[in-house]
Amino acid sequence: TQLLEQSPQFLSIQEGENLTVYCNSSSVFSSLQWYRQEPGEGPVLLVTVVTGGEVKKLKRLTFQFGDARKDSSLHITAAQPGDTGLYLCAEEYGNKLVFGAGTILRVKS
Amino acid sequence: NAGVTQTPKFQVLKTGQSMTLQCAQDMNHNSMYWYRQDPGMGLRLIYYSASEGTTDKGEVPNGYNVSRLNKREFSLRLESAAPSQTSVYFCASTRDMDSPLHFGNGTRLTVT
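These protein sequence lines are chains B and P, in that order. So for the first sequence, the numbering used here puts the first residue at 1; every next one is plus one. So for the second sequence, the numbering used here puts the first residue at 1; every next one is plus one.
Worth double-checking, as some hints may not be accurate.
To be verified - Restraint-style ranges between C-beta atoms, simulated for each label pair:
#, chain 1, residue 1, chain 2, residue 2, range
1, B, 26, P, 40, 17 to 23 Å
2, P, 53, B, 109, 38 to 44 Å
3, P, 63, B, 17, 38 to 44 Å
4, P, 73, B, 106, 35 to 41 Å
5, P, 19, B, 59, 39 to 45 Å
FYI, nobody ran anything at the bench for these hints, they're computed from the structure. Just so you know, even glycine gets a beta-carbon here, dropped at the ideal spot from N, CA and C.
So that you can see chain B by itself, here it is in the shape it has in the complex (with noise of 0.2 Å):
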């Protein structure tokens, strides 16, 4: 199993602040997907990335796969309150799923 690294482990901004989040492993992924987590509730798919270079955005969020596709990131531009949660990368390997350990982020009105 490769090992998924996510920096940073905890982030606290202000409303209307731009962050970026890291995923990051040692080895090609297949794809990868981004999940969001709420306090109290399981994850939720955000989206999955599978091409080398790939882009997507999903409103403020902007997900990318680097172009080895051995690392992610996902940007959020002019963060609100509601952005409030765990932010888990994860992988596919055979026929389950690996997550990272996640960074939590916190954003403060």
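Start from chain B and add chain P according to the hints.
Okay, now just chain P, sitting in the frame of chain B:
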């Protein structure tokens, strides 16, 4: 459409007690999973069932057993609970690995 339903939501056990965590999905998904979530460690896979009638160990299976009762239901059993099993447990399901995982809302288990 309920999605993935986990019961109970909360449970407190004494060391050595046993219990079964229940999970059911109504999406006709083939694969089901049990994860545990601990602070700073993300989600770690305990067991999974790629299809009805099969189960396989994940990353942290020790101390747990599972049963894929039918296509809808996948239960997780702790035979003799230990404090190290204090965690939040999530059940998830998916149609196939090209589709997203759908998670339940978790069971918060404390073992004293």
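Here's how the hints hold up against the structure:
1. 26/B x 40/P: 17 to 23 Å: Between residue 26/B and residue 40/P, where Cβ atoms are some 20 Å apart, the hint holds.
2. 53/P x 109/B: 38 to 44 Å: violated, 50 Å
3. 63/P x 17/B: 38 to 44 Å: holds, 43 Å
4. 73/P x 106/B: 35 to 41 Å: holds, 37 Å
5. 19/P x 59/B: 39 to 45 Å: The hinted range 39 to 45 Å holds for residue 19/P and residue 59/B, with Cβ atoms some 41 Å apart.
Against the hints set out earlier in the document, a violation occurs for number 2 only.
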